[in-house]
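Peer 1: Sequence:
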Amino acid sequence: MQKIKFIFQSTPFRSGATLLSRMLNAHPKIGSLNDDVKFFRFCYNRYLPLNKKNVHRMLEEEAYRLLHRFNIKLDVNKCFEVIKKYPLKHDIIYKTILLHLFKNRPKDFILDKETLAWTKIPLFLEWFPNSKALLIIRDLRDVVVSFKKLTFAPGNDYLIALFNVIDAMDTFLELQHKFPHRFYGVRYEMLKSNPKSEMKKISHFLGIDYSANMLNEKKWVEFNGEKWINKKHSTFYTSGDYQNPVGRWRRLITEEELFLCEWIGKKQMQNFGIKFEGSKISQKTFNRAIQMLTSSNVLRECFQHWCETGKGMERYPLDATNPKYWDRDVLYSPQAFGLESSK
Numbered sequence: 001m002q003k004i005k006f007i008f009q010s011t012p013f014r015s016g017a018t019l020l021s022r023m024l025n026a027h028p029k030i031g032s033l034n035d036d037v038k039f040f041r042f043c044y045n046r047y048l049p050l051n052k053k054n055v056h057r058m059l060e061e062e063a064y065r066l067l068h069r070f071n072i073k074l075d076v077n078k079c080f081e082v083i084k085k086y087p088l089k090h091d092i093i094y095k096t097i098l099l100h101l102f103k104n105r106p107k108d109f110i111l112d113k114e115t116l117a118w119t120k121i122p123l124f125l126e127w128f129p130n131s132k133a134l135l136i137i138r139d140l141r142d143v144v145v146s147f148k149k150l151t152f153a154p155g156n157d158y159l160i161a162l163f164n165v166i167d168a169m170d171t172f173l174e175l176q177h178k179f180p181h182r183f184y185g186v187r188y189e190m191l192k193s194n195p196k197s198e199m200k201k202i203s204h205f206l207g208i209d210y211s212a213n214m215l216n217e218k219k220w221v222e223f224n225g226e227k228w229i230n231k232k233h234s235t236f237y238t239s240g241d242y243q244n245p246v247g248r249w250r251r252l253i254t255e256e257e258l259f260l261c262e263w264i265g266k267k268q269m270q271n272f273g274i275k276f277e278g279s280k281i282s283q284k285t286f287n288r289a290i291q292m293l294t295s296s297n298v299l300r301e302c303f304q305h306w307c308e309t310g311k312g313m314e315r316y317p318l319d320a321t322n323p324k325y326w327d328r329d330v331l332y333s334p335q336a337f338g339l340e341s342s343k
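Numbering follows full-length UniProt numbering, with no gaps: position 140 of the sequence shown is 140.
Don't read these hints as lab results, they were simulated from the structure. Ideal Cβ placement from N, Cα and C applies to all residues, glycine included. It cannot be assumed that every hint is accurate.
List time: in silico EDC-like cross-link candidates among lysine to aspartate or glutamate, alpha-carbon distance up to 16 Å [as the list claims (entries may be wrong)]:
| no. | residue 1 | residue 2 |
| --- | --- | --- |
| 1 | Lys5 | Asp108 |
| 2 | Lys196 | Glu174 |
| 3 | Lys120 | Glu174 |
| 4 | Lys275 | Glu262 |
Restraint-style ranges between C-beta atoms, simulated for each label pair [unchecked claim]:
| no. | residue 1 | residue 2 | range |
| --- | --- | --- | --- |
| 5 | Lys267 | Asn224 | 36 to 46 Å |
| 6 | Glu308 | Ala212 | 23 to 33 Å |
| 7 | Lys178 | Glu308 | 22 to 32 Å |
| 8 | Pro49 | Ser197 | 47 to 57 Å |
| 9 | Lys52 | Lys266 | 25 to 35 Å |
| 10 | Ser282 | Lys311 | 24 to 34 Å |
Sequences are here, hints too, so could you generate the full structure?
Peer 2: Here it is, written out as structure tokens:
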């Protein structure tokens, strides 16, 4: 465990984190997972107390999900044999799972990516003393229009993405101050406009030489070795709008959505130098915007929290542990979760 260095990467929805993880995975010294393990979502504090019975059950359920959702094999018994030699703690379990998945893929760095887990970055850095962390953020207006097109969330609940992004933006600045040598914040727009420069900066942060492989799309592959195609991960792939992801919101956002983004996210946009482009709105538009924010329990909770604290929230709009809310198109075996295939 001491020889391997670990990287944790998190992000709000639709912010380019998968692109970044595939670029890093193309580096010869880095092996990267892509929202597969989801330790904080599926394992952390969900199998208490941490006794042998519960740890074994955690491994079994993690292995089942990895196999049938992503076709990734995890040997429960081999992992358990390692884990029980140590105190039964979350960090030992997490490290063992990651090391086992890369047992036949020798790498200097193992990167694990998990969406909506930026609040766990300090814990990860504590658990993995030789680790570093990345958080990528994107213009909240682009995130909102992209997530709106993708999500299963009903009604206006796609607006939770707005509260996610402003929380991630605040965390970005806090972590830069608290962990200046162990945390690096990435701006999606900079990654898209000058990928070579940004990947050189990330390589320097990680303490490795820059590799041109990271910009070679032919080297971008999934954990199972299949080719990862950037444009197919755009929610606008079929419409052709995937070609201009930066500032795409201008063609798609409603008056109410733009107002909410620039009202709720005002402080964060100012902190990151993001220009405001909305104009003065009518009372009718304001009323509709407030109605949107109070149209569901989850949005009312986020809005109230923002009114009281000025902060966002790291939260899913739906139960992310429920298979019926998973993307069927990337489920290896939907039937294993009682779902019908979308194909």
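Peer 1: Which of the stated hints cannot be reconciled with the structure, identified by number in ascending sequence?
Peer 2: 2, 6, 9
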